[in-house]
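S.K.: Sequence:
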Amino acid sequence: MSKMIFISLPVTNLAASMSFYKSLGFENNSQFTDDTSACMVWSEAINVMLLTHEQWRVFTNRPIPPVTSSEVMLALSCDSREAVDAMNKTAAANGGTADINPVQDLGFMYNRNLADPDGHVWEAMWMNSEDIPSVDRTS
1 MSKMIFISLP
11 VTNLAASMSF
21 YKSLGFENNS
31 QFTDDTSACM
41 VWSEAINVML
51 LTHEQWRVFT
61 NRPIPPVTSS
71 EVMLALSCDS
81 REAVDAMNKT
91 AAANGGTADI
101 NPVQDLGFMY
111 NRNLADPDGH
121 VWEAMWMNSE
131 DIPSVDRTS
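Residue 130 in our numbering sits at position 130 of the sequence shown, with consecutive numbering throughout.
No lab work stands behind these hints: they were computed from the structure. Heads up, a few of these hints could be off.
[Claimed, not checked] EDC-like cross-link-like pairs, simulated, lysine to aspartate or glutamate; straight-line CA separation at most 16 Å:
no., residue 1, residue 2
1, Lys89, Asp99
2, Lys3, Glu44
3, Lys89, Glu123
[To be verified] Have a look at the derived ranges for each label pair, beta carbon to beta carbon:
no., residue 1, residue 2, range
4, Arg57, Phe108, 35 to 45 Å
5, Gln31, Ser134, 43 to 53 Å
6, Met73, Glu44, 20 to 30 Å
7, Pro133, Asp35, 43 to 53 Å
8, Ile7, Met127, 12 to 22 Å
9, Glu82, Ile7, 19 to 29 Å
Beta carbons: idealized from backbone N, C-alpha and C, even for Gly.
Generate coordinates for the entire structure from the input sequences, incorporating the hints supplied.
M.R.: Right, here's the structure in full:
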């Protein structure tokens, strides 16, 4: 089996969260979807498990952070700067929040941060690896 990542997120409204992630380009894997959870697929290796608060508590009794917190920032690569901008705009139009942090443009890398309806922070990013500045590691 190839290595995969499953990111689990507590959500207040499963249907609204599924709709939000579908709008960003995730697909639903119905094999792992029911009334309490949904598996949203970004790629063959990246899956986001959306869990109702009740289902989340099956896995942990740690408190669910408030919407205004930033427990982690998850980056998704996009094919272009325009795709980064489109994801940010789509997030804002579908229940999320755009540009929760300042836009970062380093020339070779461009990113914008957004939050889903539950405040989970995502970074839409594009990078041209051919233009990454070299680092002098001899000093």
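S.K.: State for each hint whether it applies.
M.R.: Verification of the supplied hints:
1. Using a Cα cut-off of 16 Å, the hinted pair Lys89 and Asp99 holds, with the two alpha carbons roughly 9 Å apart.
2. For the proposed pair Lys3 and Glu44, the alpha carbon gap of about 10 Å is at most 16 Å, so the pair holds.
3. Under the criterion of a C-alpha separation no larger than 16 Å, the hint pairing Lys89 with Glu123 is consistent with the structure, at around 13 Å.
4. Between Arg57 and Phe108 the Cβ separation comes to about 43 Å, which falls inside the hinted range of 35 to 45 Å.
5. Distance hint check for Gln31 and Ser134: the Cβ-Cβ separation is about 45 Å, which falls inside the suggested range of 43 to 53 Å.
6. A hinted range of 20 to 30 Å holds for the C-beta pair Met73 and Glu44, which are about 23 Å apart.
7. As the Cβ distance of Pro133 to Asp35 is approximately 50 Å, the hint placing it in 43 to 53 Å holds.
8. Between Ile7 and Met127 the Cβ separation comes to about 20 Å, which falls inside the hinted range of 12 to 22 Å.
9. With their beta carbons about 25 Å apart, Glu82 and Ile7 fall inside the hinted range of 19 to 29 Å.
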